[in-house]
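Undergrad: At the far end of the sequence shown sits residue 220, using UniProt numbering, and the numbering has no gaps.
Mixed in with the good hints, there may be bad ones.
[To be verified] Simulated pairs of lysine-lysine, DSS-like, Cα-Cα distance not exceeding 30 Å:
#	residue 1	residue 2
1	Lys139	Lys154
2	Lys90	Lys23
3	Lys192	Lys154
4	Lys90	Lys197
5	Lys192	Lys23
6	Lys195	Lys154
7	Lys154	Lys90
8	Lys197	Lys23
9	Lys192	Lys139
10	Lys195	Lys139
11	Lys90	Lys33
12	Lys90	Lys192
Quick caveat, the hints were computed from the structure, so don't treat them as lab data. The model shown is predicted, which means the values in this text are computed figures rather than measured ones.
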Amino acid sequence: MVVNSANNHKNGGDGLQTRVEIKNLSKAYHIRKLFTDVTVTIPDRSVFVVLGHNGAGKTTFLRIMCGLIPATSGQVDYIIDGQVLTPAEKRAQLGLVSPDLQLYDDLTAVENLEFFSEVRGLPFTIDRAREMMEFVGLKGRGHDFVGTYSSGMKQRMKYAYALLHEPHILVLDEPTSNLDEVGVALVDRIIKRQKEKGIVIMATNEPEEVSYGDQTLSLA
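Between the sequences and the hints, there should be enough to build the whole structure, so can you do that?
TA: Below, the structure written as structure tokens:
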């Protein structure tokens, strides 16, 4: 069930109007139904939170949102200034932080950022990579092998990658996983900043994170 709360939505910080339309979205594995006929519009400058116990389908829902796996039925449209994005355009406008994203320990942080940019067909510059490394609190560590990073540093790296191309839609699965208090404060700033320019979609059960939601979807 989707619960709406009053909010005054304006255009994103760059003047583009972004929204996500989810229509009759369902997912089942054999006879087990995770969710059925989810229909909702996520407006610009808002946070959409997906709730549910472990195994309820939160991560599956986000994977479908990102086009990583297919839905059983229904569709998800990403729309900017009235135009439905193509799959390639969607990839360019999505940023993802998830336990599913595996960094390469035998590459440096900067090499990871460059590699994932090339895989997605997106531009890469060393100056932008350094800027994002500094933003997430990893200044001076860009040329260290990721295998030397702690779990918290790797989570920060995922944010550097997700934000590298200034996406309009930021998708977060367990957004504060492995982070200390300073890292959690960083995520707070990121969510608030992203909301000023576009959309945040997150899966969580943490009360502090649920409170960000302008809309929530509860999966049984």
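Undergrad: All hints, please: hold or fail.
TA: Here's how the hints hold up against the structure:
{"no.": "1", "hint": "Lys139 x Lys154", "in the structure": "holds (14 Å)"}
{"no.": "2", "hint": "Lys90 x Lys23", "in the structure": "holds (17 Å)"}
{"no.": "3", "hint": "Lys192 x Lys154", "in the structure": "holds (21 Å)"}
{"no.": "4", "hint": "Lys90 x Lys197", "in the structure": "holds (16 Å)"}
{"no.": "5", "hint": "Lys192 x Lys23", "in the structure": "holds (27 Å)"}
{"no.": "6", "hint": "Lys195 x Lys154", "in the structure": "holds (24 Å)"}
{"no.": "7", "hint": "Lys154 x Lys90", "in the structure": "holds (25 Å)"}
{"no.": "8", "hint": "Lys197 x Lys23", "in the structure": "holds (24 Å)"}
{"no.": "9", "hint": "Lys192 x Lys139", "in the structure": "holds (22 Å)"}
{"no.": "10", "hint": "Lys195 x Lys139", "in the structure": "holds (25 Å)"}
{"no.": "11", "hint": "Lys90 x Lys33", "in the structure": "holds (27 Å)"}
{"no.": "12", "hint": "Lys90 x Lys192", "in the structure": "holds (22 Å)"}
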